[in-house]
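Student: Make a model of the complete structure from these sequences and hints.
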Amino acid sequence: MRCCVCFVPGLFLAASGVLALPAAVTAAEQGPPVGTTASSVGDEVGELRRELESLRQDYATRIAALEARLLAFEGAQAQAAALAPSPAPQAAGASKIFNPDIAAIGNFVGAAGQSPGGGEPSLNMQEAELSFQAVVDPYARADFFVTLGPDEVALEEGYITFPTLPGGLLTKVGKMRDAFGKLNGQHAHTLPFIDRPLVTQNITGGEDGLADAGISVARLIPNSWLFLEATGQVYQGNSEVFKAPTRGDLAYVGHLRAYRDLGESTNVDLGGSIAYGHNGVTEDATTRLLGVDATLRWKPLRRSIYTHFLARGELAWSRTGTADGPLDAVGGYGYLEYQFARRFTAGLRYDNSERAEAPGLRDKGGSFILTFKPSEFSLVRAQYRRTSFADVDSPVNELLFQFLFAIGAHGAHPF
Amino acid sequence: MSLLSIATLALLASVPPAGAALNVVASTEDLADLTRQVGGDRVKVESISRGYQDPHYVEAKPSFILKLAKAELLVAVGRELEIGWLPPLVQQSRNARIQVGADGYLDASLTARILEIPTTQITRAMGDVHPLGNPHYWLDPGNGRRVAKAILDKLSRMAPADAAYFASRYADFDRRLGEAEKRWDALMAPYKGLKVVTYHRSWPNFTDRFGLDVIGYVEPRPGIPPSPGHTIDLIGEMKRQNVKILLVEPYFDLKTPHSIGRETGARVLVMLPSVGGEKEITDYIKLFDYDLGLLVAAIRETGAK
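Chains as they are written, first to last, in our numbering: chain A, 1 to 415; chain H, 416 to 720.
Everything labelled a hint here was simulated from the structure, so no lab data went into it.
Hints are all accurate, no fakes.
Lysine-lysine pairs mimicking DSBU-like chemistry, simulated, CA-CA at most 30 Å apart: (1) A:182 x A:299; (2) A:299 x H:485; (3) H:485 x A:182; (4) A:299 x A:373; (5) A:364 x A:243; (6) H:482 x H:564; (7) H:701 x A:299; (8) A:373 x A:182; (9) H:564 x H:701; (10) H:610 x H:597; (11) H:597 x H:694; (12) A:182 x A:243; (13) H:597 x H:701; (14) H:482 x A:299; (15) H:564 x H:485; (16) H:610 x H:670; (17) H:654 x H:670; (18) H:459 x A:299; (19) A:373 x H:670; (20) A:299 x H:694; (21) H:654 x H:607; (22) H:694 x H:564; (23) A:299 x H:670; (24) H:482 x A:182; (25) H:610 x H:654; (26) A:243 x A:175; (27) H:564 x H:607.
Just some of the chain H residues that point at chain A, by a computed CB distance under 8 Å: (28) 467; (29) 468; (30) 469; (31) 475; (32) 478; (33) 480; (34) 484; (35) 500; (36) 502; (37) 503; (38) 506; (39) 507; (40) 511.
Where a beta carbon is used, it is the ideal one built from N, C-alpha and C, also for glycine.
Tutor: And the structure:
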């Protein structure tokens with residue numbers, strides 16, 4: 001198609017040349033120049049007419065030749081298109097070809113039951129996430145995730161990935177969720193429950209977890225027994241947990257992941273994480289987080305769309321520096337999940353966590369979760385949650401429900 | 416000293432000129448076998464998915480990242496069949512050779528004959544439709560040959576010293592496949608136009624090639640599990656058109672197909688869409704031998720027409 005464009009200016013020039021000629025002729029016919037006889041003028045006009053005629057013929061043949069060439073070219077192109085074994089569908093316009101993959105995910109959450117602090121609203125469009133993902137150039141790809149909440153718009157993540165740097169260093173630069181533990185890296189819509197566990201709320205970053213602007217480098221550690229990946233990250237120090245008082249007070253995250261298949265259906269996934277940085281409580285107060293996680297998965301390949309089982313536990317310790325000395329807190333959760341039909345999954349979660357700023361206060365909870373997935377692109381989920389808050393006399397019983405729905409580009413399945 | 420240099424020379428001579436065998440990863444066992452047919456002992460091939468597994472829902476396990484990290488060539492089915500799991504694996508492989516668009520990435524669908532390419536607006540109301548056409552194209556032996564040819568071209572460019580070896584292996588495969596096709600055509604000749612029902616839309620290339628007429632699917636829409644209303648409609652339609660054959664992929668539940676079979680008298684056949692679907696299906700030609708053998712035996716027993 002692009003070559004046709006090359007032809008057009010040539011044709012256009014030829015045509016405008018033809019149009020310009022009669023104008024020259026009219027000027028010549030308007031009157032004889034001073035100092036020339038009538039007969040010589042008549043001769044010159046005749047001469048000009050002949051020249052014009054020959055020029056016209058010349059242009060006519062040239063245009064005919066060009067038209068023939070154009071026709072032949074178009075024919076060849078049509079033929080080539082017809083011969084192509086499996087043409088890709090035509091994009092609506094050339095400018096759209098390089099548009100990123102776009103998706104929008106709605107996350108609607110409802111809640112019922114008494115809750116001391118108010119808890120989640122009764123009916124809430126918790127967030128809409130927009131994602132834009134594409135390859136940047138031969139060296140990188142970029143991913144943007146923008147969340148639109150009831151009162152705020154935020155860049156949940158936005159980073160460039162260099163997948164093929166020398167030394168096997170998978171490098172990301174931008175705003176990212178910290179590689180701390182298993183759940184922290186996941187967006188709300190990929191979690192297997194509606195809320196985040198108490199340990200996330202109390203110790204590792206609150207409702208949204210840890211996310212910051214920085215640089216991440218991950219490398220595989222070669223060995224013959226298992227998948228071993230080490231990740232190192234440097235952040236600005238601007239998250240729920242880490243707040244840098246000065247420019248030099250960066251926050252650091254280290255993560256080690258070990259994975260091994262135990263046969264084709266079963267695998268184990270172990271991780272250890274550390275995060276360190278200033279917490280902004282005083283000039284030089286710092287917070288250190290330690291985490292361990294373990295996951296056991298079972299999914300028989302022949303029945304992979306009908307059943308799976310997952311057991312996961314995560315523990316996190318925090319040491320928060322304050323003016324009065326460090327505060328130590330610990331928390332964790334355990335989660336079991338079983339898919340009992342193609343569209344149904346049941347889950348059970350146990351929560352137990354101290355509060356980072358008040359280690360004496362320990363919250364406990366349990367949840368039962370039922371998920372129904374009509375298709376890959378939507379789900380309906382209910383969660384019964386019973387929580388014993390350290391500073392509330394009686395346990396709190398709540399029922400949460402969620403509608404998740406995605407449109408647009410087909411994303412990768414989470415693992 | 417001289418002994419050592421002779422030993423070194425002998426060692427060098429014993430190494431094939433193009434170096435060690437090419438490390439190839441294929442996304443399915445079908446592509447792995449087609450690569451083996453052409454590459455012989457000059458390639459080392461591994462498959463990510465197993466033949467008895469639903470290729471739409473393979474898990475992106477980190478152990479696959481390790482395989483991809485070492486690969487010199489990745490052969491993929493394409494047409495978005497692997498969209499849920501291959502892109503994150505390739506991205507995390509840290510392997511520049513096999514990134515999409517690089518020399519070591521072969522989309523096997525590019526030279527294949529693809530059916531069901533949408534010509535009108537599609538939406539997910541139609542289920543999990545594949546916008547680039549039906550990706551189960553390897554179930555036409557003609558496409559197997561085209562893919563093998565694409566693999567031949569790719570391997571010959573990557574290991575020019577072995578090009579003649581690859582070419583002779585391809586020629587041999589082409590000949591054996593041609594002979595098998597004659598056998599299969601003869602086997603299926605009496606049953607041209609036979610009406611069948613399949614579970615998922617996995618078989619358009621197969622049924623097109625062997626002259627079967629698919630009148631319905633157990634899934635109401637691609638990727639959507641059977642619903643009672645659709646199943647009742649399908650039973651009515653099968654009775655009306657006297658359909659006696661129901662093809663099911665090995666990774667789907669047999670409950671609904673069996674109840675349809677009881678209602679209509681149709682035979683439920685667990686047909687294999689891929690090499691490795693059963694232990695004895697070790698290569699591409701055996702896959703068709705198995706499926707067509709199963710099909711013809713069932714047609715004869717049920718007296719289907």
